[in-house]
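Q: Taking the hints into account, I'd like the entire structure generated from these sequences.
Protein chains: 2
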Amino acid sequence: MNTSDMTTAPDLKSWVESANAADNEFPIQNLPFGRFRRDSNSDWLIGVAIGDQVLDLRKAKLIDTIDMNHLMASTSDERRRLRLAISEGLRHGSAQQAAFASALVPQDQVELGLPCQIGDYTDFYTGIHHATTVGKLFRPDNPLMPNYKWVPIGYHGRASSIGASGQQFHRPRGQTKGPDDPAPSLGPSRRMDYELELGIFVARQNALGDPVTMEQAEEHVFGLALLNDWSARDIQAWEYQPLGPFLAKNFATTVSPWIVTMEALAPFRIPFQRPAGDPAPLPYLDSALNRAAGGIDIKLEVWLQTEAMQKSKLAPQLLTTSNYSDAYWTVAQLIAHHTVNGCNLQSGDLLGSGTLSGAAADQGGSLLELTLGGKQALTLSNGEKRTFLEDGDTVILRGYCEKPGARRIGFGECRGTLQGVRK
Amino acid sequence: MNTSDMTTAPDLKSWVESANAADNEFPIQNLPFGRFRRDSNSDWLIGVAIGDQVLDLRKAKLIDTIDMNHLMASTSDERRRLRLAISEGLRHGSAQQAAFASALVPQDQVELGLPCQIGDYTDFYTGIHHATTVGKLFRPDNPLMPNYKWVPIGYHGRASSIGASGQQFHRPRGQTKGPDDPAPSLGPSRRMDYELELGIFVARQNALGDPVTMEQAEEHVFGLALLNDWSARDIQAWEYQPLGPFLAKNFATTVSPWIVTMEALAPFRIPFQRPAGDPAPLPYLDSALNRAAGGIDIKLEVWLQTEAMQKSKLAPQLLTTSNYSDAYWTVAQLIAHHTVNGCNLQSGDLLGSGTLSGAAADQGGSLLELTLGGKQALTLSNGEKRTFLEDGDTVILRGYCEKPGARRIGFGECRGTLQGVRK
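Residue numbers (the working numbering), protein chains in the order written: chain A, 163 to 585; chain B, 163 to 585.
These aren't lab readings, by the way, just hints derived from the structure by calculation. Accuracy of the hints is not assured; some may be wrong.
Since the list gives no way to pick one copy over another, a pair counts as held whenever it fits inside one copy or between any two copies.
Here are the simulated DSSO-like pairs of lysine-lysine, each with C-alpha atoms no more than 27 Å apart in a straight line [what the hints assert, rightly or not]:
1. Lys-339 / Lys-311
2. Lys-537 / Lys-339
3. Lys-547 / Lys-223
4. Lys-298 / Lys-339
5. Lys-585 / Lys-547
6. Lys-461 / Lys-298
7. Lys-175 / Lys-537
All values reported here derive from a predicted model rather than from experimental measurement.
A: Written as structure tokens, this is what we have:
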């Protein structure tokens, strides 16, 4: 059953009028899932964003659970049926309008949490422009490793320190060593950075020992959210060999509250192809469907609001734009690769895309790229300069899909603030 | 309150007679914690091993939870009081003998599971002999990275594929590329290996942003178990740069069922000192207590039983012995380092020590070391040869503490079997 055409048709309107505004990110064609609560003593509940409201799915009698991970473990048919039921109930003229209306809560009256409980978190490295630029900084002679075009490079990250949008965290301390220092020392990171990523949430699990093929892969994906993989570059440079990043990353990771489902993204699927001359993916990472529509056209943005901007009531400033279509590996390829050895992905697990930079110099998805490793400061609109993040800086990631003939949908925002060192 | 002296006194005897046999690993001085169930439809229950029995702690009215992670989150005083109550009830002449006796189950009548729910799993690299030997194989010119003696190197591992002793798993497939191959290919790993490690289970959590000092570190440790970090060396060699091991490790990791507590290990604490000429640890990784007693004298063994041995009813063969005292970083240093950036460790989280090899060539904690990267086969007692693991091989890790004036305690076993590729 393919309900995408029905639920993403551009002429669909909702009786929730805010959802019909052209600039609203959560029209009836989107219907992203998240968790909300009215106060910090209440349970997290499962909701779907519609306009400026949240639909409480249990109150609307669409589900009887408050366990998002359980819901994510449904079959893809079950998920599509639920989406269709939500869409039908929210449409203009729905007989369920009164019942659903009593299950709406204004978004600005709730707290939005992590969309689910995240068991394991894996971070990939699919942004080839990022990998190349950063590779040059760390390894001038050897920017892109020989395995890059063959292996979707990934590594395990820390689940416990992942927070929902709005996360505030202290500047981490760690060991660093300058090239001329005789010995390392402990101190606050001086090269704090963000990374613009997408997060991929796992739907149905695969059993341990049971690889997922390219053909099955997207049945195991619930949807996508924005992800900021905060990084301490000076800690990373000293610690990362030979086993990879560790304390440079695991102090905080921020995700946006709404999971935009694969069904909502269906109109924005695009062909996936390698640049001419690049090797074809090995057969376990290839499929006709992936070549035809493995990519997703998602426009991405990084915004910065410094403490001084906030005090002067200046709006955040756009730093970067890029597009997920530049990723070197697709969502399906990440799932197929991650499980080819039998590794079990569980409902609610999170995969990071890796930093999604564009090809142009001003499309870096991190300050490391935009400032050439801190060598060339950015001048902000209020005259402030940045090589890396300063205390009080708020970074906001945004993402949206739009194209002629489709209703624009958005991801909401992924916002996080770097605070000073904890005293 | 320090109850260690009372509960580890060598003359203590239990009315559970099997616990008093000199070769039993679970005398009343040990009292390790684990989870057991009578059949696969029952809940996991919390038990303590005593002789050949398990004491059901809830049935003995010592606790009212079946949630081990909740129990692990107790304060260290609470944990010590519980240990004392268990010890007193199991001692010769205890008034509680009848009540406790009804809460005993023979170990051979229960299934032993993972001791707790593992949220995040971090693997360290504290075996300097392992790091040096393996470093030579991967990087002949540069075996030990410049950071090794400064940074307790660690990386995040996969929690979902960690299994309890008895775990059986299929030989993983993965990408490999020989030095002369024009391109990589997908196939079953041909260089399957084990790694002899200890696992460190986290007790009380620290809040995100709140580092744990060296002085506080062991309050956050519940105890230790054996850990086998199965590794596919050929997959590792091709995938691991620049972000570390991933599919080479995350298909399976096996831990022993019993967590031997820090209280039980107290008699076996030893001074921790660096080899002469090595740099002193940075202050955040140093403490007087750590220098005086940061080490633990735990004797470790690797045993191998091939399928042919099993068919011929031949006992497993001892491959290696080593000692945890050779580790380059202590348990407290791993906790202090992991949290220095504010990373939050949660109750039940698992830290691997890294492969614990001894200094001698025959003390390698992996086949990679014992066979010089597969160049020199081991000849087993029945004439079979091994460079890496073959299908049907069972690897058994064992560990124990003994010294004059203390009762010998053991860790039980960590057993796992490599099966053939899944058809």
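Q: Run every hint past the structure and note whether it holds.
A: Results for each hint:
1. Lys-339 / Lys-311: between (32 Å within a copy, 13 Å between copies)
2. Lys-537 / Lys-339: Result: close within a single copy only, 18 Å intra versus 37 Å inter.
3. Lys-547 / Lys-223: neither (52 Å within a copy, 64 Å between copies)
4. Lys-298 / Lys-339: Both: 19 Å inside a copy, 24 Å across copies.
5. Lys-585 / Lys-547: Only inside one copy: Lys-585 and Lys-547 sit 26 Å apart there, 59 Å across copies, limit 27 Å.
6. Lys-461 / Lys-298: For Lys-461 and Lys-298, the Cα distance is within 27 Å only inside one copy (26 Å; across copies 45 Å).
7. Lys-175 / Lys-537: Neither, since 50 Å and 69 Å both go past 27 Å.
Violated hints, in rising order: 3, 7; the structure is consistent with all others.
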